[in-house]
Every structure is written in C-alpha cells, then in structure tokens.
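J.: Protein sequence lines correspond, in order, to chains A and B.
If you want the working numbering, it's the 1-based position in the first sequence plus 630.
If you want the working numbering, it's the 1-based position in the second sequence plus 250.
Mixed in with the good hints, there may be bad ones.
[As the list claims (entries may be wrong)] Looking from chain B toward chain A, a few residues come up when the C-beta cut is under 8 Å (computed):
hint, residue
1, E363
2, Q376
3, T382
4, N399
5, A400
6, L406
7, S441
8, F442
9, A489
10, S490
11, A494
12, G624
Calculated from the structure, these hints are not laboratory results.
A virtual CB, placed ideally from N, CA and C, is assigned to each residue, including glycine.
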Amino acid sequence: MIPTETIYPCCEIKAGEIILDGKVLYENKELPFPKFIKGAYKELELNYPKFHKMDRLCKLAFVAANALLNEGQLEGYAPSDIGVVMANSNSTLHTDSKYADSIKDRDNYFPSPAVFVYTLPNIMIGEICIKYKIMGESIFFVSNAFDKEMLLEYSQDMIKTGDAKICLMGWVDYTDTDYHAILYLIK
Amino acid sequence: MKQTSIYITADNIISSLGFTTKANWENIVAEQTGVECHDDTSIYPSPVWISKIKEATLNEASKGLQNPTQYSKLEQLFLLSIKDVVESAKLDMSAADTLIIIASTKGNIDLLEHKNQDKFPSNRVQLGTMATEIQHYFNNPNTPLVVCNACISGVLAMDVAKRLLRKKKYKNIIVTGGDLVSEFTLSGFQSFKAMSDAPCKPYDKNRVGINLGEGIGTVVLSTEKPAHQTEVITLEGSASSNDANHISGPSRTGDGLFIAMEKALKDSACTSDQIDYLSMHGTATPYNDEMESKAVALANLQKVPLNSLKGYIGHTLGAAGLIESIVAIQSLRNNLLYRSLGFEELGVPVSINVIKETSSMPLQKCLKTASGFGGCNAAIVFVKSSNKTL
Numbered sequence: 631m632i633p634t635e636t637i638y639p640c641c642e643i644k645a646g647e648i649i650l651d652g653k654v655l656y657e658n659k660e661l662p663f664p665k666f667i668k669g670a671y672k673e674l675e676l677n678y679p680k681f682h683k684m685d686r687l688c689k690l691a692f693v694a695a696n697a698l699l700n701e702g703q704l705e706g707y708a709p710s711d712i713g714v715v716m717a718n719s720n721s722t723l724h725t726d727s728k729y730a731d732s733i734k735d736r737d738n739y740f741p742s743p744a745v746f747v748y749t750l751p752n753i754m755i756g757e758i759c760i761k762y763k764i765m766g767e768s769i770f771f772v773s774n775a776f777d778k779e780m781l782l783e784y785s786q787d788m789i790k791t792g793d794a795k796i797c798l799m800g801w802v803d804y805t806d807t808d809y810h811a812i813l814y815l816i817k
Numbered sequence: 251m252k253q254t255s256i257y258i259t260a261d262n263i264i265s266s267l268g269f270t271t272k273a274n275w276e277n278i279v280a281e282q283t284g285v286e287c288h289d290d291t292s293i294y295p296s297p298v299w300i301s302k303i304k305e306a307t308l309n310e311a312s313k314g315l316q317n318p319t320q321y322s323k324l325e326q327l328f329l330l331s332i333k334d335v336v337e338s339a340k341l342d343m344s345a346a347d348t349l350i351i352i353a354s355t356k357g358n359i360d361l362l363e364h365k366n367q368d369k370f371p372s373n374r375v376q377l378g379t380m381a382t383e384i385q386h387y388f389n390n391p392n393t394p395l396v397v398c399n400a401c402i403s404g405v406l407a408m409d410v411a412k413r414l415l416r417k418k419k420y421k422n423i424i425v426t427g428g429d430l431v432s433e434f435t436l437s438g439f440q441s442f443k444a445m446s447d448a449p450c451k452p453y454d455k456n457r458v459g460i461n462l463g464e465g466i467g468t469v470v471l472s473t474e475k476p477a478h479q480t481e482v483i484t485l486e487g488s489a490s491s492n493d494a495n496h497i498s499g500p501s502r503t504g505d506g507l508f509i510a511m512e513k514a515l516k517d518s519a520c521t522s523d524q525i526d527y528l529s530m531h532g533t534a535t536p537y538n539d540e541m542e543s544k545a546v547a548l549a550n551l552q553k554v555p556l557n558s559l560k561g562y563i564g565h566t567l568g569a570a571g572l573i574e575s576i577v578a579i580q581s582l583r584n585n586l587l588y589r590s591l592g593f594e595e596l597g598v599p600v601s602i603n604v605i606k607e608t609s610s611m612p613l614q615k616c617l618k619t620a621s622g623f624g625g626c627n628a629a630i631v632f633v634k635s636s637n638k639t640l
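With the rest of the complex left out, here is chain A:
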C-alpha cells in the first residue's frame, strides 16, 4: 500500500498575503511589513496588547500561530502534551543589528532590555506558549534553508515517542528585505 500524504492545517505568510489552508485570510501587497502586520492584527481581531511590544519576527510568528490556534484547536490537550518545533535561517538578525547599533557609540550608549530580549529566536516560541498555555517540549533550530522534511520528521517523532500529542511546527524568518512564515499543526 502506498501511504497517502497527510495534509496538516497550515498557515503561510509571505509577500503581503496570509493564507490559511489555501484560503486568503488577509492581503495587502502594497504595505511595508510593519504596516502589513499591524493591518492583519486589526483585520483578524487579535486583541492582544502584548503584541505591540514584540519585535517584527515575533509578530510574524504570532499572527501565523494565531491563525492555526485561535479556534480552540488545542482544547482537550494537556499543556505539557503540546510541542513546538520551529526554525529559521536568520535567527534574530534584524533585531540584533538594531541592538548592535544602540551600543556602537560610547557617547550615545543605550542598550535596551526591551530590545535585547528579542535577540533570541526561541522568544517566538515563548510568546506563543504564553498566549496558548503550551508547556510541552519545544525547540528552535537554525538552518541555511527551510528543511520541511527534517522538521516534519522531528515533530512526528515527538508524537510517536509520546513526548507530545500535538505539535506546532514550521519556519519563521525575517530580514530587512523579506519575510516568510509557514506553520503547520501536526497531530
């Protein structure tokens, strides 16, 4: 028997579009990222004040995760049974550069804890865990390119070994010139 490929719920954000399971949730191809993501926040009625404190990378991850999880998709799962496996290629480079600029001049030296905290990519996972009460296994990988097979295999293995019962998996990358989020809900 040839196994058929399982289709998992998926949200992708790129090039001014938010697509959930093939359907366009929000679109605005004209706006630069900060305005685009703010537009999505309003349109999708996220209503989560902490969102405004997040850096761009976290906002991108948060909106994608919200599209997959906001209708009670995690209901019935114990917090410690929900896993998260995420990756990207640029880690937190955009915020790293912003932070490095704030300390380059000794006469104009203003390191900010609110910026520094976003110089770790697993903060994205932390923000999602807080919002959706996720306390299970989680990991952030950095790789040169999106390796969907590897991340899928890793998440499926977490479920197979009983370390998680459901797993949010995917890729969230942000640079000054591009952004791409693609998240799946693996069951």
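Got chain A sorted already, so can you dock chain B onto it with the hints?
T.: Just chain B now, kept in the frame of chain A:
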C-alpha cells in the same frame, strides 16, 4: 522496551580554566575560579566580572588548526574542541552515520560589533554559515543541526541527539556548544540589571546576579559501547518544557522546570529517590535560583546534594549545558562532588542541599537542569554503570 543505549565516548571543555576536560576538572577540584574583574574598555565601558579565555592561549592552541586565520575566534574554539574529541574517540568524520549538532545562542555575534565589521563576510554572523564552515573543516557529509534556544541550548542539543540516535539515524553524534563574552551580551545582561559586580553566588542569601563566561563544551554520543572503559556513562533520558509565563523572567512556581525534570526521569525509567546528585543551572540571579529551589522541591529532590558551576567559569550561555554536563560526568567517574563556589548561606525560599565542601561519595545517577529566556527549561539524566553489566 529497553531504549537504545547512548554512551558518552569522549568529551572536551574549553574555558578560562583550560583547554581540556582534565585541565578544567583539576582546577574545579582545586576550587580555582576563572571569573575575574576585567577592566578593558574594548570589552565593556566599565570593569566587569567575567570568565574569559586568554587570547594568547587561544592563539597558541590554534597553531594546531589548518589555516586558523580563516576562522573567527568562536569558530577556532569550536574546531579545537571538536578536534580533541574526534582524536580521542577515533571518529571517522567522513562516515555517513556521523553528525555534528551545534548549540549556540549568539554564534559569531561579535562580528556585528563595530570594531569587528569587515573582518569576515557579513553572512558569517548567521549560525548556518558558521555551521557549514565547521562541517567542511572536518569533511563531514551531513548538514549540521544548529540548536538556538537561549540558555538551554546545550542540554537541548543533547536531547536532539538522543532522539536521532534512538531512531538509529546515526551511530555517532558530536554535540558541541559555544558562546563568547561579547559587548553585545554583556551590555544586554547589564541592561537587564542581571549582572553581578563581584563573583556570583548561586543560591546564596547575598546573590545579586550572574557573571558571563565564554567557553565550549563538546561530547561524542554514540550507540556503540566503548570497549576500553571499565565504567561507562550513558545518557539515559532527557526532556524540555516551557513555563508559558513570561519571556524574560522565570516562573514564580517552578512548575515549568518541574515538568522537564519529571519527564526526563520518566524517560530514564528512574525515580527521584535513585538520583544521587543534581547539577543545576544556578545562575545566581535572585529569581532564577528561587524558581529552581521550588522545582527541586516539587520533584521531591530537596535532600539530594546539588551545585552550580557558575562560580567557576560564569554563565557560558549556549555552552553551559554541555560544559556542566561534562563536569557532572567527571563527578560520576571520580565519585567527587565539587563545592558550589560562592555559596555561604541559603538564600532561596525552599530548603535545598547546596554542596558547601568538595567531598567524595559514591555516585551513580545524576540529573542536570537548565532554564533560559523565553521560559524554556530542560533536564537530562546521566548514569554510570560497570561495563560488564551492560
């Protein structure tokens, strides 16, 4: 069903205390600290207490590498540490079933600092590019995995290796973790007011914060039993968890870390009363140590002797979990628990058994924990057995 056994077949530590596990262990047993006050404006505008690898020692050691100047400081340290374990485990790096996993929070972040710009191509600050350089140096056929998960990166990278080895995807995995003391991280932790202006004091009443440190820890994890050791150390189990509470502050209850400890014990088929020793994270910030004491109590491990290595080499970020695990393994091998340096009087709300004097006792099973920004926690269990009984 009995899980595939995972053996630690070689290890290396590079820190201010030395360039081998042996050198580090001897200094720790002698209660020597590598944390010193550095008054060097090229690192930080004001004097800071940190554990730093001496430039001259690194330059001398790097003569053993091919074309060392092609590599950044952190890359040289990774290469030296991996080279040491490859030689002692006699690993075939060209084998298809050998993988490298790298743990780092900030990688070549010093290249982003103004003074270092233009020394290397700009993409070298990306962890994936750095990993490729390391892979190519050793002619390994597999794309390395990079774990970037704040201060639990080192423990979590071993958890990843465990998963892949149990699936029989690889026979040997080199897990290496490293980070530098950079102006980037120093100013960041200072902005959080998390740094101590004196040697750090984990779990002590007068603790005020961390000392940052730099270093590398590397282990070889293998599904093949080492032939020439009378006693073997195995990675029996591990787990991670999230507090789901705050991105930059630890849980107030310890429940997140407790979940990771409980899962790691279950994964190891161990009960809490079988654990002889706890190697903790113990950063010496007021909230972290308080949280850890609560998690230890929740796990019913309050009586078990515990320590933090931070007083000896500071907080080495992505390397911490690996270095501290290797030192914990030395404790198991030598039946010797080192004093938790900086600790004098208990300053956490729950009574825990912090080791005050370096002392001998029979040891078999150790639980090691880590916690970090983003609310992440991890725990791992190492066990010593006689080679015959396995």
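J.: Hint by hint, which ones does the structure fall short of?
T.: none
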